[in-house]
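With the sequences and hints as input, model every part of the structure.
Number of protein chains: 2
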Amino acid sequence: MPIMDSKKGKIVKEYSIEELKKQAAEMRAWNLASLCAAGSGHSGGTLSIMDITAALYLKIINHDPKNPDWDERDRVIWSTGHKAPALYTGLAFSGYFGKKECLKLRKLWGSFEGHPNRLKLKGVEASSGSLGQGLSIAVGSAIRAKADKKNYRVFCIMGDGEQQEGQVWEAALEAAHFKLDNLIGIIDENQLQIDGFVKDIMNVFPLADKYRAFGWHVIETDGHDMAQIVDAFKKAFSLKEKPIMIIAKTVKGKGVSFMENIAGWHGKVPSIEETKKAFAELKVNLNLEELLDYAQDYQKEVEKKIEKSMPKFSKDYWWNKQANMKAKMEPTRMGFGNCLQKKGDDKRLFCLGADTASSIRISGFYEKNPERKERWCSMGISEQSGTCVAAGLAKEGKISVFGTYATFASGRALDQLRTTVCYNNYNVKIAGAHGGVSVGPDGATHQALEDFFQTCSLPNMKVIAPADSIETERLCNTCFFEIDGPVYARFAREATPIVTTPDTPLKFGTANIIRYKGEKENFADAFETTLATEYKSQGEDIAIVSNGPETAEAMRAAWILKEEFGIETRIINMHTMKPFDKETIIKAAKECGTILTAEEHQIGGIGNYVASAILLGNIGKPVAFDMIGVKDEFGLSGAPWELVKAFGLTAEHIAEKAKKMIKSAKI
Amino acid sequence: MPIMDSKKGKIVKEYSIEELKKQAAEMRAWNLASLCAAGSGHSGGTLSIMDITAALYLKIINHDPKNPDWDERDRVIWSTGHKAPALYTGLAFSGYFGKKECLKLRKLWGSFEGHPNRLKLKGVEASSGSLGQGLSIAVGSAIRAKADKKNYRVFCIMGDGEQQEGQVWEAALEAAHFKLDNLIGIIDENQLQIDGFVKDIMNVFPLADKYRAFGWHVIETDGHDMAQIVDAFKKAFSLKEKPIMIIAKTVKGKGVSFMENIAGWHGKVPSIEETKKAFAELKVNLNLEELLDYAQDYQKEVEKKIEKSMPKFSKDYWWNKQANMKAKMEPTRMGFGNCLQKKGDDKRLFCLGADTASSIRISGFYEKNPERKERWCSMGISEQSGTCVAAGLAKEGKISVFGTYATFASGRALDQLRTTVCYNNYNVKIAGAHGGVSVGPDGATHQALEDFFQTCSLPNMKVIAPADSIETERLCNTCFFEIDGPVYARFAREATPIVTTPDTPLKFGTANIIRYKGEKENFADAFETTLATEYKSQGEDIAIVSNGPETAEAMRAAWILKEEFGIETRIINMHTMKPFDKETIIKAAKECGTILTAEEHQIGGIGNYVASAILLGNIGKPVAFDMIGVKDEFGLSGAPWELVKAFGLTAEHIAEKAKKMIKSAKI
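If you read the protein sequences in the order shown, they are chains A and B. Under my numbering, read the first sequence as residues 1 to 667, first letter to last. Under my numbering, read the second sequence as residues 1 to 667, first letter to last.
Just so you know, the hints here were simulated from the structure itself, not pulled from any lab data. Don't take each hint at face value.
Note that identical chains are pooled: a pair holds if it fits in a single copy or bridges any two copies.
Taking lysine-lysine pairs in the DSS-like style, the calculated list, with each CA pair at most 30 Å apart, reads [to be verified]:
hint	residue 1	residue 2
1	347	146
2	149	368
3	347	179
4	368	150
5	520	343
6	343	373
7	659	590
8	536	621
9	277	343
10	582	666
11	240	373
12	368	578
13	99	277
14	66	657
15	120	234
16	590	517
Below, the structure is given as structure tokens:
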């Protein structure tokens, strides 16, 4: 049934096939406008699913935008959360909110998160973003309908690459076992995933045979022929006793000539010119400037609000805002790629990808050295098996390097890391990319904030979180080639300041002490770094403990504290989280008496370890202590540095807190 | 090829089919002897796989027991780690070690862990115990063989219930994608899993169609016809281009009439009489008494060693060793079952099982109330999907209760807990059973020691770890029916002392203060419990913070400390880990000045939170602090209380440490 008025029990509007086609074209245009305004996001997949989205929200499902929680409504679970812009467009065109609202896509506090958040937007059935979980949610919803004799149907939109996730097959077994004929799965079979063609990355085809073997009805359809799509759903409604999978053959980037069938457009957005070109191809007449202005106005409000919230000092100490203290920027993940690129000829090395190869820079292993592909496996989107395959290779003497976004690398495969990697003590190196909120617009599901808790707790595991790309390359060299056994390495996505040099003292397991020495032309030159074991106290007022790119913020805080208040800071760069350098913490507690931890992680990830080290050190005098970090909450979509500011993790926040601590310590 | 002398390149022995049958019968007998001696373990599955084990280790695989790391050897990965006794028997009969060694099964420090540990026993290719991971390890090993042009084959033994784990299907895709015809999977299709028949729990049949659809060669065979088994392997060796799955139709408990086809024998062992009956049926003449004596002698050595390591006091304060201070014992998991049994008529409640229903006591929901099965789903062994199905039901207004052993409930499904349960803030209650080393003989893979780190770090999650079965029932009532949103509840397996009553003050989120008041006939009566917010300091010498059954140890320690040294102890029962009652910790730090944490968890799970609470409390004076817990190592097989002693978690250890702290604090 189409859009309903649930109170009156009346159909609001019946769309003809022709009208649906027109709506789909307009939805594509609005979708691209929102992506263009966002400046990041997933174009290819939102276009391949758009005809099905139009059919579902405007004609097929029974729902009432004025009464989104109506219990009789059909449910649509978007398991592929990265297609959120298509979902938002579908909701807007159904009347849940004004179309222009979609222009807030991926902007801070805009409720149009990079991956959908049901708590922020009515009409979103489930928050998603980590692939492979939606079909299970749909199974639960469908079981409830059967149990409570409800007539609603449950739809679940999945990708073809997503079929690589084992959980999908757990859910497939369950749906058949419980005979859920009120469950209709939809696979947007556009043949492409981030790293390339699904058949090359990790072949899942033919899917029809697999679902039939798993006890499903299967309907195959052209995902861009509106009449066929509608017929497919009608046929699905007539099938009984088994769940129904609609496999829709689609084209990634459909409707925009220069995007069609190009993997590169998976996570890329069109420029203003490209968007206009797309409008023309879609024969949709929209005023892009006007839409972008609307987005821009919202963005300006956000920025105003953030700036207002920032601690103020006598001058602007932000990165590269002064004539001196200039910092070069590079993401730490680049250091990981550089390590693999330079050391990749070592025949012991074997690297495995999880459909995020170039994003996390593990592709550095083979990009310039195609011959190394002999020692490379793409595992697709299967973090669990990928982790254990890496272990199987390590078991046979390889140095296995496997990695993906840290939320998945540590969280999705934690039992595999525990039982197969750590309990076996296999020589597996796990790259946890995209640590922290500075991941940016992808939002909470892609921002790892708990991975220290998860990985540091595993026996035999070693954990590093280097401060910049240079330190990352150097620590990876040590951890991959000099240390035997499991290692978890945490990287960041965003370009962050380079604060070390190839000659900076560096020793795995021993913290570095960094001291501000006075302004210089280059930020890094303004600091002196000493291996903690060789450091003599200079009677600093406070010690700040941090790691990863947050160390650069701690350094900038030291600059602010000295210039503004004459406060001397001892920065402890805890680049190795496990083994944890307790001695350096105890020494700092004794010598400085005031300790502040700063982490781009759930608060306590570093802080709790520092606190127990201080107390176990039994130094016999009170220590002023505080922690800066994410306060037990999920991340958000927004620009990387906006988020670092919004979550209170900048040098300005560190300096403000440090100043207060020293003041009250003196009282 | 059979057993080899790798140095001389000679075959050591060729077995005929008839000889193999005889060996298999003897292996069954030795297997049952080791299980009888262990007093726990898995009889059914070790008997169903035994003929294949005999064929593999004595005739099919190419290996040299004198040179276990020989790189040309064939690999056998036991994905079903609980069938370890069959593996051990296979290794013993091949000559890796004397057969009698197997009698050390599941005994402390015996290297014959309840689930195999490759670091302790040569011939074990991979440590396992968490189902669904072995095929991926095998894929990695097989990829290496192809990459390095090695001729060895990789075999992987799996169960049929295990096919419910999605990771198996990730690995199935991978093996086909990489054309691993050097990989031979074996499914021990005995039709039964812990909770019953596989087809009823979560049907996976027919498996042949599924594997063919996933791109495998499939060979079906009678898993108890030795000639057929050998032919199946020979046929497998002739197949190319695809991995090969041998589906062996077997009988659980095969060879012992009273065990055959009975699910109850999955995790049960035979008595001495039953074992002798089995010997007779198997026509194997073994002197059971002699074997049991051998096991008994080893066990006596273990116990002597442990007792020697225990702190000594003027008398024996161990549980129920005195005329007074008697304690009733009941596992905390019983309280969970009682809550569901008593409150199960609440129509909002919907419970889901993960093939551990009666073990974790979630079966209390329906055992006495079969009508409630309408609100019960068995999900099989699929923790990931099960977690999200529970979320899907909660999304539709149900109070979903899902649970299994904590290592799997929190670790295996952590990304699902994070993204689907917590980020959506769904009303899902997760039971994490089998927390701590007191799980006993199952060993490390089944002993949850990191789950506080994993679950407390998740926004929106609440976490409890009740002290006894009564407190468990009461806190479950609160968390399930009065609190909306995700809750993780940690339970223990072993019977532990009941130290509270239904009238003991109890408030979710507020710690309890427990004080020793003098010996009584019943242990629980010797203590006075007050809600922390209402507690007035009695000037105690030390505060001990703990939760779960470790609280009973802390109480016993208070008894020891008072009777032996006149030391007054404030016990803080931190039954709610999240939200964490910081105020009570700060108050104790101010008033007692000496704080000791005691946890049956990796050290810091409670300790780190207490340490940061103390320091953030900024109490302006030094605090003596120490932590007792598992020291960043994996658990072991052994008797529950043996392990609590071996890992230094008893009241005696707490009392000894407390005494030292107070002594040095006074200096």
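Outcome of the hint check:
In this homomeric assembly, residue 347 and residue 146 come within 30 Å of each other (Cα to Cα) only across copies, at 15 Å, whereas the closest approach inside a single copy is 56 Å. In this assembly of identical chains, residue 149 and residue 368 lie within 30 Å of each other by CA distance solely across copies; the values are 25 Å between and 59 Å within a copy. For the identical chains of this complex, residue 347 and residue 179 are inter-copy neighbours only, at 23 Å across copies versus 51 Å inside a copy, given an alpha-carbon limit of 30 Å. Taking CA atoms no more than 30 Å apart as the test, residue 368 paired with residue 150 passes between copies only; the shortest distance there is 28 Å, against 58 Å inside one copy.
For the homomeric pair residue 520 and residue 343, neither the shortest alpha-carbon distance inside one copy (34 Å) nor that between copies (69 Å) is at most 30 Å. Taking the closest pair of Cα atoms, residue 343 and residue 373 come within 30 Å of each other only inside a single copy of the chain (14 Å); across copies the shortest separation is 59 Å, beyond that limit. With identical chains, the CA atoms of residue 659 and residue 590 are at most 30 Å apart both within one copy (19 Å) and between copies (26 Å). For a Cα distance limit of 30 Å, the shortest separation of residue 536 from residue 621 qualifies both inside one copy, at 20 Å, and across copies, at 26 Å.
Neither within a single protomer nor between protomers do residue 277 and residue 343 lie at most 30 Å apart by alpha-carbon distance, with minima of 44 Å and 62 Å respectively. Proximity of residue 582 and residue 666 under a CA criterion of 30 Å is satisfied in both settings, with 26 Å inside one chain copy and 25 Å between copies. For the identical chains of this complex, residue 240 and residue 373 are inter-copy neighbours only, at 23 Å across copies versus 47 Å inside a copy, given an alpha-carbon limit of 30 Å. Neither within a single protomer nor between protomers do residue 368 and residue 578 lie at most 30 Å apart by alpha-carbon distance, with minima of 33 Å and 49 Å respectively.
Only within a single protomer do residue 99 and residue 277 lie at most 30 Å apart by alpha-carbon distance; the minimum there is 21 Å, versus 77 Å between protomers. In this homomeric assembly, residue 66 and residue 657 never come within 30 Å of each other (Cα to Cα): the closest approach is 46 Å inside a single copy and 64 Å across copies. Proximity of residue 120 to residue 234 under the C-alpha cut-off of 30 Å is found in neither arrangement, the shortest distances being 32 Å within a copy and 60 Å between copies. Taking the shortest Cα distances, residue 590 and residue 517 sit within 30 Å of each other inside one copy (22 Å), while across copies they are farther apart (39 Å).
Violated hints, in rising order: 5, 9, 12, 14, 15; the structure is consistent with all others.
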